[in-house]
Amino acid sequence: MSHRQALEALDRTVQDLRGNGKHMGGVVVLLAGDFRQTLPVIPKGTMADEIKVCLKSSPLWKHVIPLGLKTNMRVHLQGDASAGGFAQQLLILGDGKAPAD
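According to the working numbering, the sequence shown is numbered sequentially starting from 8.
Some hints here could point you the wrong way.
Cross-link-like lysine-lysine pairs, in silico, BS3-like; alpha carbons within 30 angstroms at most [said to hold, decoys possible]:
1. K51 with K29
2. K104 with K63
3. K69 with K51
4. K29 with K63
5. K63 with K51
6. K77 with K104
7. K59 with K29
8. K77 with K63
9. K69 with K59
10. K51 with K77
11. K77 with K59
12. K104 with K59
Distance windows between CB atoms, simulated [claimed, not checked]:
13. V36 with I58: 21 to 31 angstroms
14. L17 with L84: 26 to 36 angstroms
15. D56 with F93: 14 to 24 angstroms
16. A55 with A88: 38 to 48 angstroms
If you're looking for bench data, these hints aren't it; they were derived computationally from the structure. In this text, a Cβ means the ideal position worked out from N, Cα and C, and glycines have one as well.
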């Protein structure tokens, strides 16, 4: 997940380039990624510091419409059953639903 300042800097830059004060200069912006993979790095920061600088903490986030992808095309096109099982295990782990051993 990117630092919220990156999104806010992009917003200001697009507004300046387009001469439009609307969010993102009035254009649709597509952001892609997996929020489970990375958090912003704050040297010597606390968990609260990391949460405070996440994209979801930005005032711009209320204007975001998240869309989730349902099909892992890499696994789907590969056609390997073991790859599909591994991908499913990763999703379970990422969602925090993996059983504790």
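Now the hints, each set against the structure:
1. K51 with K29: violated, 36 angstroms
2. K104 with K63: holds, 22 angstroms
3. K69 with K51: Holds, because 29 angstroms separates the two Cα atoms, which is no more than 30 angstroms.
4. K29 with K63: holds, 19 angstroms
5. K63 with K51: Holds, at roughly 21 angstroms.
6. K77 with K104: holds, 18 angstroms
7. K59 with K29: holds, 24 angstroms
8. K77 with K63: holds, 21 angstroms
9. K69 with K59: With Cα atoms ~15 angstroms apart, K69 and K59 stay inside 30 angstroms; holds.
10. K51 with K77: violated, 36 angstroms
11. K77 with K59: holds, 29 angstroms
12. K104 with K59: Given pair K104, K59 holds - Cα atoms ~25 angstroms apart, limit 30 angstroms.
13. V36 with I58: 21 to 31 angstroms: holds, 23 angstroms
14. L17 with L84: 26 to 36 angstroms: Distance hint for L17, L84 holds at roughly 32 angstroms.
15. D56 with F93: 14 to 24 angstroms: violated, 34 angstroms
16. A55 with A88: 38 to 48 angstroms: holds, 43 angstroms
In summary, the structure is inconsistent with hints 1, 10 and 15 from the numbered list given earlier, while agreeing with the others.
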